[in-house]
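Quick note: the sequence shown uses this note's numbering, first residue 1, plus one each step.
Wrong hints could be hidden among the right ones.
To be verified - Below, simulated SDA-like cross-link-like pairs (lysine to any residue); rule was C-alpha separation at most 25 Å, straight line: (1) K80 / E68; (2) K38 / T93; (3) K87 / F99; (4) K38 / S83; (5) K16 / E36.
As the list claims (entries may be wrong) - Have a look at the derived ranges for each label pair, beta carbon to beta carbon: (6) D50 / S98: 34 to 44 Å; (7) D50 / A77: 16 to 26 Å; (8) D50 / I78: 31 to 41 Å; (9) N59 / F99: 30 to 40 Å; (10) L62 / K34: 14 to 24 Å; (11) E86 / S61: 29 to 39 Å.
In case anyone wonders, no lab produced these hints; they're calculated from the structure. We treat Cβ as the ideally placed atom computed from N, Cα and C, and that holds for glycine.
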Amino acid sequence: MIGNMQIEQLSINQLKRLVKQAVYNLTVAALLEKGEAKRDLLAVRDEMRDFLKKLRKGNASLLEVYSELGFALISIAILKMESRNEKVKDILTSVEESFY
Numbered sequence: 001m002i003g004n005m006q007i008e009q010l011s012i013n014q015l016k017r018l019v020k021q022a023v024y025n026l027t028v029a030a031l032l033e034k035g036e037a038k039r040d041l042l043a044v045r046d047e048m049r050d051f052l053k054k055l056r057k058g059n060a061s062l063l064e065v066y067s068e069l070g071f072a073l074i075s076i077a078i079l080k081m082e083s084r085n086e087k088v089k090d091i092l093t094s095v096e097e098s099f100y
């Protein structure tokens with residue numbers, strides 16, 4: 001996450017900022033891809049965007065936070081392995097590292 005902080009230690013604003021940055025980076029990565037890889041990146045981005053809306057409304061429980069971030073990490077790891085574009089891999093690596 002941010003430094004060595006656990007998810008429970010993050011404020012809602014820090015968590016929103018983290019997810020918002022991930023959504024932005026996934027959008028940039030999708031612009032660099034084509035075809036099915038682009039659709040997959042946009043699908044993950046849309047899931048993160050929906051989660052961001054829940055965070056803004058205050059309707060996200062701690063379990064939902066864990067499951068959404070876990071889903072994002074697994075999806076990003078798979079997409080990173082499938083991608084052939086080095087710039088996209090770098091962007092996905094930075095998103096992945098921001099969650100740790």
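Hints, one by one, checked against the model:
{"no.": "1", "hint": "K80 / E68", "in the structure": "18 Å, holds"}
{"no.": "2", "hint": "K38 / T93", "in the structure": "16 Å, holds"}
{"no.": "3", "hint": "K87 / F99", "in the structure": "19 Å, holds"}
{"no.": "4", "hint": "K38 / S83", "in the structure": "10 Å, holds"}
{"no.": "5", "hint": "K16 / E36", "in the structure": "28 Å, violated"}
{"no.": "6", "hint": "D50 / S98: 34 to 44 Å", "in the structure": "19 Å, violated"}
{"no.": "7", "hint": "D50 / A77: 16 to 26 Å", "in the structure": "20 Å, holds"}
{"no.": "8", "hint": "D50 / I78: 31 to 41 Å", "in the structure": "19 Å, violated"}
{"no.": "9", "hint": "N59 / F99: 30 to 40 Å", "in the structure": "21 Å, violated"}
{"no.": "10", "hint": "L62 / K34: 14 to 24 Å", "in the structure": "38 Å, violated"}
{"no.": "11", "hint": "E86 / S61: 29 to 39 Å", "in the structure": "38 Å, holds"}
Violated hints for the displayed structure, listed by number in ascending order: 5, 6, 8, 9, 10.
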